[in-house]
Amino acid sequence: MVHISDGILSLPVLAAGWAITFALLAVAIWWSNKKGNLEEEIPKLSVMTAAFFVASLVHIPVGPTSAHFILNGLVGVILGIFAFPAIFIGVVLQTVLFQHGGITTIGVNTANIGIPALIAYCIFKWGNKVGMTVMRKELSVWIFGALAGGVAVFLAVIFTAFSLVLSNEEAFFAIAIAFTVAHIPIIIIEAIITGSIAVFLLKVKPEIIGG
Amino acid sequence: MNCKKMVGIFAIFVVLSCLCTSVASAHRLHIESTLSELEIEAYFGSGAPVQDGDVKVYDKSGNLYIEGTTDEEGKFRFPPKIGMDEYEVVVNATHMPGHKGETTINLSQVSADGAGTELPLYSNIIAGFGYLIGIAGFAMAYVYWKRNKK
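Residue numbers (this note's numbering), protein chains in the order written: chain A, 2 to 212; chain B, 884 to 1033.
Here chain A stands alone, though its shape is the one from the complex:
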């Protein structure tokens, strides 16, 4: 549902989407060159991209529509800045193989899903910095993991509504509310999934969280 099809958005919105996507991809590549530990990231990146790629096939019917999983919060929490290239590859494959969204809208769709993933990572990281000082480590990781997972989906929905409104001058709040309501089950489930996986990884392999 957050994948916008071809022929709906106006040209400036499409161009802006591609520009933002390429800029953030460049930042991610620059970051990886600077840190120079890309080879440790690649297996993690591939697994998360694969999870993101197939998550969109799981649909939950909501009234007359249905919403599918996005998992951008989980990808963000685990990959950090590399969430963006992972989501870009995932969106390209979803577009080509599943016809989710359109070729021209890959830029906009990647930005709509990827930027919330980066925000989720910030929430998780900064939240835990504060949270771990005031409560148990596991509890803090669960709370901020869940928050990151939920917020990422919510923001992806809001960004999608916003890009539609920019092109069509429709009522933003009507679309945003309709979209959000359809995604409430997804937001709740992804919050629980992200929180639980973050706690699990904290126990078995703490260094893996947040690329």
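Hints in this document: simulated from the structure, not taken from any laboratory. The C-beta atom is built at its ideal place from N, Cα and C for all residues, glycine as well. There's no promise every hint is true.
As the list claims (entries may be wrong) - Just some of the chain A residues that point at chain B, by a computed CB distance under 7 angstroms:
hint, residue
1, Ile5
2, Ser6
3, Leu39
4, Glu42
5, Ile43
6, Thr50
7, Ala51
8, Phe54
9, Thr66
10, Ser67
11, Leu94
12, Leu98
13, Leu165
14, Ser168
Said to hold, decoys possible - Calculated pairs, DMTMM-like style, for lysine to aspartate or glutamate (alpha carbon to alpha carbon, straight line, at most 25 angstroms):
hint, chain 1, residue 1, chain 2, residue 2
15, B, Lys983, B, Asp954
16, B, Lys1033, A, Glu42
17, B, Lys1029, A, Glu40
18, B, Lys1032, A, Asp7
19, B, Lys888, B, Glu922
20, B, Lys1033, A, Glu40
21, B, Lys958, A, Asp7
22, B, Lys939, A, Asp7
23, B, Lys983, B, Glu971
24, B, Lys939, B, Glu920
25, A, Lys138, A, Glu208
26, B, Lys939, B, Asp954
27, B, Lys1032, A, Glu40
28, B, Lys983, B, Asp942
29, B, Lys1032, A, Glu41
30, A, Lys206, A, Glu139
31, B, Lys1032, B, Glu985
32, B, Lys943, A, Asp7
33, B, Lys1033, A, Glu41
34, B, Lys964, B, Glu985
35, B, Lys1029, A, Glu41
36, B, Lys1029, A, Glu139
37, B, Lys983, A, Asp7
38, A, Lys204, A, Asp7
39, B, Lys939, B, Glu915
Position chain B relative to chain A; hints supplied.
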């Protein structure tokens, strides 16, 4: 047995058979052809029907021919125009803004099942994983090549 009687019976037969043929011709079978409607069905990748979708049908030169909405099964029916065998159908999902599909219907080459030759979903999933493994492989190769160069 007189000749007159024979002729009489024969005459009755002739009359009867004439009657029979005229009755039979009253049962002549007529065939008229009307092509009353063309049905389209819109559904999402999950198989869920596109309910209340906004349908627009254009002719070959792009003029709007007919418009309407899909029912709860995602179906929409419209009468085709005689002499026009190509239609461009655009469906916009009103419940999911941003979702749109379009297809060209060519009546002179309609396939029996309607659906194209699309690969099944599982093969697309496997293909996706294949691409990912390939991309990961390339990235690994690049990283090690770069490291060895140093």
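Status of the hints after comparison with the structure:
no.	hint	verdict
1	Ile5	holds, 4 angstroms
2	Ser6	holds, 4 angstroms
3	Leu39	holds, 5 angstroms
4	Glu42	violated, 9 angstroms
5	Ile43	holds, 5 angstroms
6	Thr50	holds, 6 angstroms
7	Ala51	holds, 5 angstroms
8	Phe54	holds, 5 angstroms
9	Thr66	holds, 4 angstroms
10	Ser67	holds, 5 angstroms
11	Leu94	holds, 5 angstroms
12	Leu98	holds, 4 angstroms
13	Leu165	holds, 5 angstroms
14	Ser168	violated, 9 angstroms
15	Lys983/B / Asp954/B	holds, 16 angstroms
16	Lys1033/B / Glu42/A	holds, 20 angstroms
17	Lys1029/B / Glu40/A	holds, 11 angstroms
18	Lys1032/B / Asp7/A	violated, 43 angstroms
19	Lys888/B / Glu922/B	violated, 67 angstroms
20	Lys1033/B / Glu40/A	holds, 15 angstroms
21	Lys958/B / Asp7/A	holds, 22 angstroms
22	Lys939/B / Asp7/A	holds, 16 angstroms
23	Lys983/B / Glu971/B	holds, 13 angstroms
24	Lys939/B / Glu920/B	holds, 15 angstroms
25	Lys138/A / Glu208/A	holds, 14 angstroms
26	Lys939/B / Asp954/B	holds, 14 angstroms
27	Lys1032/B / Glu40/A	holds, 15 angstroms
28	Lys983/B / Asp942/B	holds, 18 angstroms
29	Lys1032/B / Glu41/A	holds, 18 angstroms
30	Lys206/A / Glu139/A	holds, 13 angstroms
31	Lys1032/B / Glu985/B	violated, 51 angstroms
32	Lys943/B / Asp7/A	holds, 20 angstroms
33	Lys1033/B / Glu41/A	holds, 18 angstroms
34	Lys964/B / Glu985/B	holds, 20 angstroms
35	Lys1029/B / Glu41/A	holds, 14 angstroms
36	Lys1029/B / Glu139/A	violated, 39 angstroms
37	Lys983/B / Asp7/A	holds, 8 angstroms
38	Lys204/A / Asp7/A	violated, 44 angstroms
39	Lys939/B / Glu915/B	violated, 30 angstroms
Of the numbered hints given earlier, the model fails hints 4, 14, 18, 19, 31, 36, 38 and 39; all others are met.
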